[in-house]
Amino acid sequence: MPTPLLDRCRPHSVAEFRAAALQRYADGLLLAAAGRRTAAIYLWGYVAEMLLKAGVFALLDGATAKTIPLKDITDAKLLAADLGFKWAGNAHNLVGWAELLVRLRSDLPGGAYPNPAFGAGVIARAARVYGLWRETLRYHKNVASAAEAHVVRAAVEWLVATRNRL
Amino acid sequence: MPVRKRTVGSRAVGGPAALVAELAAELRSPRPFGQPFVEIDTFPRSGLTAVTVIWDALRGLTDEQRSAAVLDAYQQVHPNVGADRVAFALGYTTAEATAAGKLPYAVRPTLAAEPTLDRAAVAAVVREYGGADDRRAAFPALRFPTREDAEACRQKLLDRLPGTEAVWTIAETVSPDDAAFL
Numbered sequence: 001m002p003t004p005l006l007d008r009c010r011p012h013s014v015a016e017f018r019a020a021a022l023q024r025y026a027d028g029l030l031l032a033a034a035g036r037r038t039a040a041i042y043l044w045g046y047v048a049e050m051l052l053k054a055g056v057f058a059l060l061d062g063a064t065a066k067t068i069p070l071k072d073i074t075d076a077k078l079l080a081a082d083l084g085f086k087w088a089g090n091a092h093n094l095v096g097w098a099e100l101l102v103r104l105r106s107d108l109p110g111g112a113y114p115n116p117a118f119g120a121g122v123i124a125r126a127a128r129v130y131g132l133w134r135e136t137l138r139y140h141k142n143v144a145s146a147a148e149a150h151v152v153r154a155a156v157e158w159l160v161a162t163r164n165r166l
Numbered sequence: 001m002p003v004r005k006r007t008v009g010s011r012a013v014g015g016p017a018a019l020v021a022e023l024a025a026e027l028r029s030p031r032p033f034g035q036p037f038v039e040i041d042t043f044p045r046s047g048l049t050a051v052t053v054i055w056d057a058l059r060g061l062t063d064e065q066r067s068a069a070v071l072d073a074y075q076q077v078h079p080n081v082g083a084d085r086v087a088f089a090l091g092y093t094t095a096e097a098t099a100a101g102k103l104p105y106a107v108r109p110t111l112a113a114e115p116t117l118d119r120a121a122v123a124a125v126v127r128e129y130g131g132a133d134d135r136r137a138a139f140p141a142l143r144f145p146t147r148e149d150a151e152a153c154r155q156k157l158l159d160r161l162p163g164t165e166a167v168w169t170i171a172e173t174v175s176p177d178d179a180a181f182l
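These protein sequence lines are chains A and B, in that order. So in the working numbering, spot 100 of the first sequence is number 100, and the numbers just go up one at a time. So in the working numbering, spot 24 of the second sequence is number 24, and the numbers just go up one at a time.
It is worth saying that the hints were derived from the structure and are not from the lab. Keep in mind that this is a model prediction, so the values were computed, not measured. Among the clues, some could well be false.
[What the hints assert, rightly or not] Estimated spans, in silico, between C-beta atoms of each pair: (1) A:141 to B:174: 25 to 31 Å; (2) B:172 to A:140: 23 to 29 Å; (3) A:10 to B:95: 37 to 43 Å.
Just so you know, even glycine gets a beta-carbon here, dropped at the ideal spot from N, CA and C.
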């Protein structure tokens, strides 16, 4: 008898987040092409979240295969105050993850992005996605416009393309 | 053979000169009220600085142009700071900053008092704030990063519209803190 799907899931890790992000990004493209734009945005928001989290835990933990306990994910936002910003809302706040990533890098000697526009770009893209995405989208019947889907896709596409530099 | 001089690479994306000059002037001598809101963070461990600007004048610029404008202005004021000493240079409009949770404090009139307000006096405060007086809106958004900034705005409105102490409220936007959802 094959192992059930949930039992086949690996623990959270940087590598798992990045691999899952690429799959959900591709799923979103198929949904958008089929006119299911709200569902596409719903998945793309998680793509951004996973890539940003992967960047944070790659910095904090180093090894990409290391298991990330759930508590470490929920506790990550406690670092915000030390890094000079207030984390608003829950652990799905994309701007919070982006700021955490960029500020952690800024604080780490030799860790900052080589171009000041790159870190700003990470935060700006996350903010653009977060302006149109919440994890609660799944509870609503709203239909996203083509323009809204384009905004989210463009920002997420940039994060996907730069994922190994985040 | 003709010699062509060009500026290339990331710094070729420059911020609009007038906007850069205005921001540099603000960095040299900040006004006590209104846009742009500028936040300069230093990271002692790395020795780097980060500059975040919230300003509606950035609307219409690309992310790269905004970064370049903020960086150009900062370096005009701090000519000895190289770009490699700036961790990030970020620009938001107030609408974007509000959506990102960066302007949690809003100054608003109570609904009952709103129709009685002197529209011209309110518009003057909005202009000083740096925002556009949107006549379609019931009341233009006046949003701030800190309660102190919002209090300063409320005081300005009281100075312009004496006797309106009971009219102006400061509302804080609070996001649900449901960290258990993952």
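Checked hints:
1. Between residue 141 of chain A and residue 174 of chain B the beta carbons are some 27 Å apart, a value that agrees with the proposed interval 25 to 31 Å.
2. At about 26 Å, the beta-carbon gap between residue 172 of chain B and residue 140 of chain A stays in the expected band of 23 to 29 Å.
3. Between residue 10 of chain A and residue 95 of chain B the Cβ separation comes to about 40 Å, which falls inside the hinted range of 37 to 43 Å.
The structure shown violates none of the earlier numbered hints.
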